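Starting from the known structure of chain A, arrange chain B on it as the hints suggest.
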Amino acid sequence: MLIAFTLNGRPTSVTTDPTRPLLDVLRQDLRLTGTKQGCDHEGECGACTVLMDGAAVRSCLTPVGKVSGRDVVTVEGLAHGDRLHPLQVAFIETGAVQCGFCTPGMLLSAKALLDRQPSPTRTDIIEALDGNLCRCTGYAKIVQAVVLSAAGLRGEAPAEPAEPHHPPMGGSELRSDSRDKVTGQALYAEDMAPPGMLYGKVLRSHLHHARLRELDATDARAFPGVYGILTADDVPGLNGFPAYSREEPVLPEVNSTLRMVGAPIALVVAETAQHAEAAVTAIRVSLEELPHTFETNCALETGAFPIAGRSNVLATFEAAHGDLEGALSNSDHLLDTAYDTAFLEHAALERETLLGYPEQIQDPDGRQQVRITVVGGTHEPHYQQDYIAQALALPLEQVRVIIPPTGGTFGGKQDPWPFIATALMVYHTGRPVRLAYSRHESFDASPKRHPYRVRYRIGANQDGQLTGIRVRIDCNTGGYDGHGQYIANYALTAAGGPYRWTAVDGMARSVYTNGPKSGQYRGFGTAQSTFALECALDELAQALDQDPWELRWKNALADGERSFLGYPLADSVGYRPVLEAIRPDYQRFLHEAAHFNASHAGQPLRRGVGLAGMWYRFGKSGSLRVEAHAELALDGHLIVYCSAPDYGQGTNTVISQIAAEAFGVSRRQVEVINADTARVPASGIQGASRATFFVGGAVSQVVTHLRQETLGTAAEMLDQDPQRLTLVDDRIGRPDDPCQQVTLAQVAEEFQRSGKARRLIGFFDLSDEFPRETRPEYIPLFVTGAHLADVAVNLETGETEVRRMVAAHDVGRAVNRPDAEGQVEGSVLMGLGAALMEEHLPGQTTGFADYYLPTASSMPAIKVILVETPSRYGPYGAKGLGEAAMLPATPAIINAMSRAVGARLHSIPATPERVLAVVRRELQATQ
Amino acid sequence: MTEYLIATTLSEALALLAQHGGDAQVIAGGTDVLPDLRAGKKRPETLVDITRIPGLNQVVVNSDSVTVGAATTFSALHAHPFIQERVPALAEAARSVGALGIQAVATWAGNLVQAMPAADGAVVALALEAEALVWNAGGAPGEWRAVDSLILGPGHSAVDPTRQIISHLRFPLPAAAWGAAWRRIGRRASLVLPILNCAVKVILQGDLIQRAVIALAPVAPRPCRASRAELLLAGRPPSDALFAEVGRMAQQESQPRSSIMRASREYRMAIIPALVRDALWTATHRALRSVKDPDFAAD
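Heads up: the protein sequence lines correspond to chains A and B, in order. Just so you know, this note's numbering puts 461 at position 461 of the first sequence, and the rest follows in order with no gaps. Just so you know, this note's numbering puts 1200 at position 273 of the second sequence, and the rest follows in order with no gaps.
Some hints could be false.
[Stated by the list, open to error] Chain A is faced by these chain B residues, among others (derived, beta-carbon under 8 Å): (1) E930; (2) Y931; (3) I933; (4) D976; (5) A1031; (6) L1100; (7) M1188; (8) R1192; (9) A1201.
These are computed hints drawn from the structure, not numbers from a lab. Model, not experiment: these values are computed from the prediction. Ideal Cβ placement from N, Cα and C applies to all residues, glycine included.
So that you can see chain A by itself, here it is in the shape it has in the complex (with noise of 0.2 Å):
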């Protein structure tokens, strides 16, 4: 049918099935790619918005018959060639752009706003974004920007974008890459449709334990279509990835057991996505039910049904020191508690989604050579080259990643099975193949978070002093390793705080059952003990008749002390500084929250303040020496080559702003080349907050090498002293002498006659810093944060608000204030999602639908505090933070809640339901 349109102001006409979505029409047939997919078409994310007649609209569930005669804008209308819209400019201006998947819609919904309202109120506004759902920002710089541009639109304030005077390093640095996302130019992997390409689909189990007794996909391959039916067979190397994940197959073979909803069993590449899923429905499995569980405790059990092959215990990790029977028995007071947490998934708003495709290369003898390069979204490229190489038997040149724009990953996107599965399907047809998980596959198959059991005794004088900890921690890995090996090392490591213990007894230990596999998470593995340490620390406070601020203030770690670890902090530790920044608000809350409850007593609404402070273990370890290089071009700009995959959090400003300083040079003089293994070094992984740190750190390194190099050719060209000799703009010369100057491209082209090397390496290596043999398994490196909550609890119903809270990070130096804030935003909007609505509960979640992310209306009022204690080894002092921010939120809001009602919450989600249950214990309790 044809159906005739407006689309941008332009007319134009398509043919097609009318009933198909406007969205597949836009991306698939009009080739206009802004417009984003992140639900299965079911209208639950927002990613697609856009305006029909002047409404904002889901595209995913418009039948393109419906806009027939009728005005379309998507974001590529927005802007008049390259006069942005004000929205685009505000969006740009306040941050409010990280990942940048959410942001079409987002800027078309607030464009129908501003159109039908031009002065709308802050809840207005919130009202109009509430369906646009957005992982990264935590909303607050999304409405703020909104707020601008309705101003900058009705001639209150400029709408152009002021012309940026900071200096590089702790100013108000634009991000690199916004403009285009704001544009709908960003190609994101799901963008990218080379000709010939076909599509990977999966066959996954849907019971939570079996053993796959048969596979035969005779039929399958017979489907029209259909270019290959991969199973363990097609898998030419190692048939898994250790490394990252013990016992996980690529594939399974016949008779090995399926240990989740989701685990993989056998990969269709067909001409179309429709071709795939028939064929993959066509594959005849026969699968043995096996007896499940999804609780760490029945795994435990002894005769429990083995899940994994020797012990359903993965691994163990213990900490000890001082007598601890001693100082508990000599205690005031012993608390004994437990917590516990729930699967949480990542809900990045890009699915997984991966190309891959055969590249001719030339080897270093002149050989034609195929290389397999996969395209996607992940954290460290070279680790995932590494597990490609094995799987598929081939040496690493002729793997190759990249990492392009990237909507979003939070840990989730760590995942190596997806990056194989691509490249399996690249190496068995020569044909370039898209890789797309469906919203309700990425819920199955992704890793999500370890849910934990925590249990604490911990004793305490009556002054608050503490004094002896005993922790258990039970940490469900799910159906597979997925680096559960490593968490209960950060589990434990996160149990004890940034407190002084005369006494320490801690264990941790990983253990399978059938739940989803889980993996890395926003602070992998150390929020769920933060949230049970820092409740409990609220509960012991109470039991003291403590001020929970007191009691965390007297024990505050200092900087040289002896940690819970049993050997001293390695860096400057800023928690008092951090206590001490919200120590006003929280006093003015609790005045607050206290003149409220007693204005209203008997009726349902309560108020109630809490805070939680945190340490978190940033820069993992591994090596300790990181490489990156920096360039001199020869038109005299700055190239750094570094991996610091920007998956939204904005390292590519940071690095480049880093590059800027040590250089002497604006940040326009500077290009980073990231995340693409063949054009630039391994920088380690990209987790645990530590890009800025240590990749930040090398760059550091190596481009103030190149300036004395630069400065130092230059002084020769000038016959001068290089110590009297600045860099101004691309200029180097005497201050005081104009005609003795030379340009950064003179001193290129000098360098390129004379022979000498453009193109430096560097490293940041603290392996000196921290001799191997008296070095603990990881170094401990660490910074520290403390959140204060504000919440009213309807006693009636068990609803929450959250109505304020106060972030204060201890963050080194902030190299990049509006990002920092975004990171700490975006935390404290997870943290909350943690706290109140979100859990995935095996083989019954199924997407956005019934995981409750939070959404604009959730948003409390976020005061956000830098604090800077510097490193002393970070770059200008810096320190890691995109991850720790989240571990303080969730038990601030759940200890305010538990303070509004009156008894204590001890499992997250704290729904409405579970609040009311304790509300009415507590009730009968005291009747």
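Just chain B, lined up with the frame of chain A:
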């Protein structure tokens, strides 16, 4: 390939349905129809879009009733000044459907035909004692039928969108002081099905409640009224004690189910009294306000 026809008159739409003898289906906003088509639940040969029929987009306020065209979106319903001012419960219910991007195209009438067990539009329609003007393809003129009689069970409406069309909805504006209230509990504000929806209407006579309507969902396979609770209110003055008693009665009348992803039966039961009481007070206050402000003129 499915045909997509945009009807320009009601009679044309009815004729198209008649002509296709059950193989054509009405589409309004399409936010439920499209997922049904994708899931293969429905396979009509033809979709008949009724949203561009002049007149079906209008809200007409009469002295004793409000008539809402079937193509009126929830956004239009919410934005209507009379509804905002005088029937805020309807505006609030309209704002509860999914999110703004859904409300911009989804319609009140479509919500009724979709007949979900806790549909926001249905619950508020019950409380307002709304009626629907239902036309049969190729049949007699349309007739007004109580919305209460149209919703038969989960996903099961008495209106067959392959053979029938709702052209309008209407609800009465009582002559006496009256007010309606909307109370919804969900896991968050937008984009969720409700844990519980409650809509009430209170009509006053002097200091007494003349009569009231209480609608709840999901407490049964279809949105329904707590009729015994309603009876308790007739002829009595509003009070905390009375509303508490009514809330308990509504609770007794309810048979909610447990939903793993939303809430248990026990939780739903537990919050009914508070919800009903809150809604009754809100409606009563609105009714009293309407007495104080009798000159508000409909435009």
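These are the hints, each one checked on the structure:
1. E930: 7 Å, holds
2. Y931: Since the shortest Cβ distance to chain A is 3 Å, the answer is holds.
3. I933: 6 Å, holds
4. D976: 6 Å, holds
5. A1031: 4 Å, holds
6. L1100: 27 Å, violated
7. M1188: Interface hint status for M1188(B): holds (4 Å vs cutoff 8 Å).
8. R1192: Not OK, violated: R1192(B) not within 8 Å of chain A, min 11 Å.
9. A1201: Hint holds; A1201(B) Cβ to chain A Cβ min 4 Å, cut 8 Å.
The structure shown violates the earlier hints numbered 6, 8.
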